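K.L.:
Model the full assembly from the supplied sequences, consistent with the hints where possible.
Number of protein chains: 4
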Amino acid sequence: MNINSRVPVGVLGASGYVGQELVRLLARHPGATIAFATAESAAGQRHEGIELVRIADAPLSKAEVVLSALPHGVSARYVHEARAAGKRAVDLSADFRLSPEAVYGLTEVTRPRLAAAELVANPGCYPTAALLALLPLAQRGLIDQSREVVIDAASGVTGAGRAPKQELLFGEVAEDFRAYAVGNEHRHLPELRNTLARESDFTGDLVFTPHLLPVKRGILETIHVPLTRVLDRATAEGIYESVYHDEPCVVVMHGALPSLKDVVHRNRVAIGVAAVANVRRPRLTVITAIDNLVKGAAGQAVQNMNVMLGLDETTGLL
Amino acid sequence: MNINSRVPVGVLGASGYVGQELVRLLARHPGATIAFATAESAAGQRHEGIELVRIADAPLSKAEVVLSALPHGVSARYVHEARAAGKRAVDLSADFRLSPEAVYGLTEVTRPRLAAAELVANPGCYPTAALLALLPLAQRGLIDQSREVVIDAASGVTGAGRAPKQELLFGEVAEDFRAYAVGNEHRHLPELRNTLARESDFTGDLVFTPHLLPVKRGILETIHVPLTRVLDRATAEGIYESVYHDEPCVVVMHGALPSLKDVVHRNRVAIGVAAVANVRRPRLTVITAIDNLVKGAAGQAVQNMNVMLGLDETTGLL
Amino acid sequence: MNINSRVPVGVLGASGYVGQELVRLLARHPGATIAFATAESAAGQRHEGIELVRIADAPLSKAEVVLSALPHGVSARYVHEARAAGKRAVDLSADFRLSPEAVYGLTEVTRPRLAAAELVANPGCYPTAALLALLPLAQRGLIDQSREVVIDAASGVTGAGRAPKQELLFGEVAEDFRAYAVGNEHRHLPELRNTLARESDFTGDLVFTPHLLPVKRGILETIHVPLTRVLDRATAEGIYESVYHDEPCVVVMHGALPSLKDVVHRNRVAIGVAAVANVRRPRLTVITAIDNLVKGAAGQAVQNMNVMLGLDETTGLL
Amino acid sequence: MNINSRVPVGVLGASGYVGQELVRLLARHPGATIAFATAESAAGQRHEGIELVRIADAPLSKAEVVLSALPHGVSARYVHEARAAGKRAVDLSADFRLSPEAVYGLTEVTRPRLAAAELVANPGCYPTAALLALLPLAQRGLIDQSREVVIDAASGVTGAGRAPKQELLFGEVAEDFRAYAVGNEHRHLPELRNTLARESDFTGDLVFTPHLLPVKRGILETIHVPLTRVLDRATAEGIYESVYHDEPCVVVMHGALPSLKDVVHRNRVAIGVAAVANVRRPRLTVITAIDNLVKGAAGQAVQNMNVMLGLDETTGLL
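Residue numbers (our numbering), protein chains in the order written: chain E, 1 to 318; chain S, 1 to 318; chain V, 1 to 318; chain D, 1 to 318.
Treat each hint with caution, since some may be false.
Each pair may be met inside one copy or between any two copies, as identical chains are not told apart.
Computed list of lysine to aspartate or glutamate pairs in EDC-like fashion (alpha-carbon distance at most 20 angstroms, straight line) [said to hold, decoys possible]: (1) Lys62 <-> Glu51; (2) Lys165 <-> Asp246; (3) Lys87 <-> Asp144; (4) Lys165 <-> Glu40; (5) Lys261 <-> Glu48; (6) Lys87 <-> Glu64; (7) Lys261 <-> Glu167; (8) Lys87 <-> Asp232; (9) Lys261 <-> Glu199; (10) Lys87 <-> Glu101; (11) Lys62 <-> Glu81.
Derived by calculation from the structure, the hints in this document are not laboratory data.
Since the structure is predicted, the reported quantities are computational estimates derived from the model, not experimental observations.
P.N.:
As C-alpha cells, this is what we get:
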C-alpha cells in the first residue's frame, strides 16, 4: 500500500482518552493518514507527531472521512457540518445511536450495512460487549423473556472521560469500587434495548448496573441470562463459536472466562460462559470483556471505517 | 477498665491477612490482652509488639478465649483442642459455619445466642454483607421467591489470603478484573442458603458470582432482588432503618449508595438501595459494602467476642 | 477523662484530605471535642458526624484551639483572626513555617518550645521526614558539608490536594510515576534549609527531588548522606536509637528498611539505614517513611496540640 | 516481505513477563516467525497462538536465531547449546553481560559491533536507562568524577519476575513503595560501571538505589550528575539532541521531563534534564524512563536481532 493511496482522515476531539486512542491507531494505520486532529484547550500540543488544531481551524476539505470523538451533545453539530461538506463520518458520541440518520456500527452485526454508509454511529462501550454476548442467544430464542436479564458491568475510569472531576481523582478512585446509575438509569440502556429488538425479537426486561473500577481501561460484564432450555457450557460455547468463528475481533473462550487482561489494548471482545448450578430453572452466565477505548470506542470506529472504505477490516488494528 | 481485668485472648494463625488484622485489633482492645499469637513460617517475628510462636508452643492455658484464623480444614482440629481445654472460641474459618456445634456469629442477627456460646462460627465475608441486606426483606416476605436473587460480589485480594500464588501477584491483578467460581460454585453459597432458610423462610434460588478486584481490601455486593410488591427507595430505606437504627455497625444510607471507601478499616456494613425503573415486575437493587478483613472477618470476630464476654459490643472497634 | 474536660477544637478547612484526617482524628480524641469544622463548597455535608459549616459561620468563640488546614496563602488571614480572638492555633499550611511569629512544630525537635506556644507552624510533610533523618547526623557533625546531600522523595497523591486537576485523575496517575519541581524548585526547600541551619550547624548543599507515586498516601525519602567518617550500619542505627529510643512516634529499624506500609494510617516516622559499598568516600543511605496525612500533617498537628494542652503526646493517635 | 523470507526465531523461556513480551513482539514481527517457544510448567499452553513446548522438546534445528529469556544462571547453558548448534543468539539474562564471549547489546551505543555478532548480551533494564543518559555526558568529560553520581531508580513489579513470592503479591505491593538492594548491592552495578568505563573514561563513584513501584511496568531513573562546568537546561538538551536526533528509539524531551506513560508498551527511552538551582557547584538532574519489558528487555532484544539480521532496526517495534 502506497502512501499516496492512504485515505485522509480528520479527527474531531482528539484530546480526550478516546480521541487520543483514535490518533494513536490512525498514526499507525497503513491505509490512512491523519488530515487533522482537533482540540480546544490542548490546541497547539502534539500527539503522535500530529499538531492539534482548534476545530474552527480544521481544514475539513482535506479529509475524506471524519471521525468524531467530541462529547455527546456537541458532536452532532460538527458531524452534520462534515456531512454537509460531503464527508463520510463515524460518530463516536451517543448523538446518532438512536437516530435513523446513521447506520449503527456494531461491526460484527451490521457489517453489510456499513460498506455503503455515509454516517455510522459507533456503539457505546457497554452495549458493544453486551450485544455481542446476548444477540446469538436472543436470535435463537434461547432467552426466557419472562424473566429479567441482569447485567452487572464494571468499567475502568477512562470510560468517564478526561475532564477533571473530584470523583475521578486518583485519591478517590484508587482502592475504591462503586456502582453508579443504579436502577436502570444509565444512558446506554435505550441503545441496548433498541438494538436487541431490532436485531432479534428480544423485548424482555433488562437490569443494567454499571460500576466504576480502579483500573485505567477495560470493561467486564457479567450477564445473567435466563434460558428457555438447559444449555451446558460446551453447547453454549458451541453456539458462540458457530456465530463468531470467522470473526477476527471476537474470541470465544473454551472452559475459561475472560478477564480484562485478555482484551486491553486490543480491538477484541472476549466471551466465556458458565452454566449455573443449583437453580430450578435453566440459566447461563456469560462473561464478556472489552477495552472500552478500543473495541468499545476508537478501535471499533477504525474497524467500521475500514469496512466503509473497503479495506481489510482489521487494518491497523492488530 | 483496669489491665488486670483484661481478658487474655489467644490468636491461632496470626500471619495471614485476617490474623494480622485480629492482632492489630486486639492489641488496641481495652478489654483484652493477647495471651499468644501463632504462626509457623513467621514464628519468631513480631507483629504489633507480639512475638509470634509456633502453634505447638502456644501456651493455651494462658488464654481464656481463643480466636482462630487458621485455614479452612486446619482450624477445626485446633479449635477442638482449645474447646477440650475448656476455652471459649471464635472460629474464623469455614469449618464450623454449617455445624450444629457452633453458634453462627452474624452478630446483628444471632446476638441473643452469642452471649452464652462456647463456640462461635464467624461468618464468611460475602455472606455477612449479603445476609444483612437480604434478611430484612426476606423476613417481611418481600422477596419474590419465584424469581432468582442475583448477587454480583467483588472482593479485594486480601480475601484470597496471603499464600504466594501467581494469580495473586501484583503483575497479574493490577489493572485486571475477573469473575471466579462462576455458576454458583463458591463455597459460601451453602452458608448463605442455610442461613437465609434458618433466619427467614426464604428458600428461593440464588445466583452468586464473586469477582476479584484490584484493591487490597473491601467487598461490594450488588444484590438484585425480585419483589413481591413495589417498594420505592424511601420505603425500602425505611425498612432497613427500622431494623438497623440501633445497630452500631450497620449504616443505612439515604439517597446514596455505599462504596468501599465508606467501610474500609471499619467494622461496618453500609447498605443503600435503588428501585429499578423500566421493568415489568417490581425489583430492588441493594448495594452493600464491608471491609472483608474487618466486619467480614476479624472485626466481627472481636464483636462476637465482646458479646460473649459481656463487654460493650463495639469495644476496641471504633 | 470526662467529656466536660474535653478541649473544644475548631477545624478550618475540613473538606480536603488533610482536613478530613484532622476531623477523623479529633472525632476519636478522648481529650478533645470538635467545636466546628469548616468547608465552603462542601458546607452542609457531614463528616464523622460533624456538619461542616462555612468559615463565615464558624462559631470561633466556642473553640479553645484552632487547627487550620486551609490552603497556603489563605490560611494566614484566618489564623490571625483566631489569634486576635485569643485562640491558640496550629497552622498546617506553609504560611507561618518561615515566620518568627510561630513555633515550628517538629514535635520531637522543638517540643520544649511547644508547651507555651500560642501559634504553631506545623511542618511540611517532606521536611518532617527529612529533618528527623538528617538532624541527628548533622548535630553530630557527621555530614560532610563539602558534598551535596541528595534527597529523592516520593509522595502519594493526597499530598497534592483534593481540588480536581487533570494531572491528578486516576486515568493519569495509575501506572505512572514522575518527578516534579526538579532542580531544587520545591517550596519545601527553604523550610528544610532553615530548620537544618537553626537546629544544627548544617548549611551545606541539598538536592531535593520530589516524585508523584500512584498510591493514595505515604511518603518515602531516600536520603544520600556524605559522611565525615565511616559509619557502618549498626553504628548509624545506634545513633538514631540513642536519639529516638524514648520517642513514641519514631521507629528506628534494625537491619531493615521502612516501606510505606510500615507507616500509613499511623502517626509515625520510620527510619532505616544502609552503608554504601564500593565508593571511595564514606556515605550513608537513610530511608524514611511517613504517612503524609498523619505524621506529615494532621497527626503531627494533633501531637503538637497535645503538647500545647499538656496532654499525653500520643493521645488520640495510637 | 514474503513469509518465506521470515527468519525462524526460537524463544527460550516464554512464560515469564519478558518471555511473554518477546513472543508478543515476534508474533507481530513482519520479518520473523516463531520456530518454537519454551516453557516448563506452562508447557502445552498457548500464547499468541503459539503452543509452548518444554525446552527438552524444542526443535532447535528449526531456528536460525535463538532469544533466551531464561533466568540468570540457567540461561548460559542453553545459549551455549544453541551456539554449539551454530545458532546466533541474544541472551536476555545477566549471564553474558560481563563476558568477552558476547557483544553488549546497548543498540544505540554498540550498534557497529552487533551486525556481525554471533552472541549478544542484552543489557539489564536499569543499565539501559542509566547508560543512555550518562554516556553522552561522560564521553564529553562533563561529569565531575571527584563527586558521586547518585541514581535513584524505580521499577514496576514485572521487573521482579513472575514466580510467586509473598512480597510481590498485590496485597503487599499495592499502596506500597520501598527501596531494595540499598547501599550499592544491586547486581546491575558492575554492568553499569564496566560499560561506563569501556564506552567513556568515567570511572567515578556511583550510588545506585532501586525501588519497587506499585505499577506493572516501567522504570524511571532520577540521575544526579555532578558537572565539571555549568550547563543550563537548553545546553544539556542540545547535547542529548546532537547524540540522539537520528535515533528512532530515544526521545529527548525539551522543557519537559518524562514519566512512565511516555514509554510503556514502547521500545523507547525518554530523557529529560533540569539544571539544579541553589547549589554551589554545577549539577544536572537527568530523568530517564523506559518500559522495563520493552526497551529494558524484549524490545531491545528484537532491536538487536534486527541489526544482526540486517533488517530495519525498528521492524516489529513501532
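K.L.:
Need the list of violated hint numbers for this structure, in ascending order.
P.N.:
2, 3, 8 and 9
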